[in-house]
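Colleague: Sequence:
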Amino acid sequence: MSTIFRPIARTGQPRGPGALPLAGSEAVWFDEVEVLEAGRTPALVPARELDAAALDRLSAPRPALCGMTFETARIMGIINVTPDSFSDGGITGSAEAAAEAARQMSLLADLLDIGGESTRPGAEDVPEAEEIARVAPAIAAIRGAGIATPVSVDTRKAAVAEAALGAGADMVNDVSALTFDPALGPLTARHGAPLCLMHAKGLPKTMQDAPAYGDVLHEVMAALRERIAAAEAMGVARERLIVDPGIGFGKTADHNLQLIRNLSAFHDLGLPVLLGVSRKRFIGAIGKEAEPRRRAPGSIAVALAALAQGVHILRVHDVGETRQAMNLAQALYET
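Here the UniProt record's numbering is used: the first residue of the sequence shown is 1, the next is one more, and so on.
Quick caveat, the hints were computed from the structure, so don't treat them as lab data.
Backbone N, C-alpha and C fix where the C-beta goes; we use that ideal spot for every residue, glycine too.
Worth double-checking, as some hints may not be accurate.
Pairwise CB distance ranges, derived in the manner of DEER restraints [claimed, not checked]:
no., residue 1, residue 2, range
1, Ala148, Asp125, 30 to 36 Å
2, Gly12, Asp51, 37 to 43 Å
3, Asp51, Gln104, 44 to 50 Å
4, Ala148, Ala38, 43 to 49 Å
5, Pro14, Ala52, 22 to 28 Å
Please model the entire structure based on the sequences and the hints provided.
Modeller: Okay, structure coming up:
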């Protein structure tokens, strides 16, 4: 397995002469790096001892996408146009309801993620035509309502992405990282659309049956490196890519916690990092809340931990509550 450089993320003052911005952040910085190699004891080294390429991966600003820069974290609001999503199925089941949800979210969200297929544990595949019938009218209605906030389509399928981009979507968010439908890569490349590659182990129907890893951080990082290379081979420009460690997708609660504790390691990929933990099962288990819609406090706790590690995009259901918490955290970081 490849060596991983995990920057030790810090916020606030004082910053010493060796401090560097973490992945272009205005508020999060680092001056030390943990060197992680499989089978070896981790070593802590001054950041300035790394070579120029490694320092650039860890500290350089990420390219702007969908008109968004990433010196501060961005919020992606979730709009599921599905009857069976784990926490909000059926709420925005019509194009009109999706447009109204988008209007409200766009007041505080930087990006909207529209999904027409539930990928919760145990979910069945949705036929392409049905998924298109859900997402394309919803996106068209959002654009028809004059909502200018960038829109991402949450899909694994090229035909769905093509219909969504044609209806006015700006970006593709693929939970399979181009493993479900390889045609999605060339399609995204032709459109020049940003593409989020998420790590998942297995298909939604079976991914939580018995997920196992020898070293979850190294294995997820290695898989994402491979998928980044695959996307580039399909013609997707590297500066159009985003990565997501895929919390809850073929991972136990312990795997999720290990990845969240080490989120800053994903900056070693040199790309914007997206995190989606909102209302997920492990938050309910640890926070002792069975009802997904009442998991905002736990979701925000994890979001703030991610913010302090320089994550660029937070994918959330509770946009207003998350924005308020972020505003306070960022104000504290700047002192």
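Colleague: Flag every earlier hint the structure violates by its number, smallest first.
Modeller: 2
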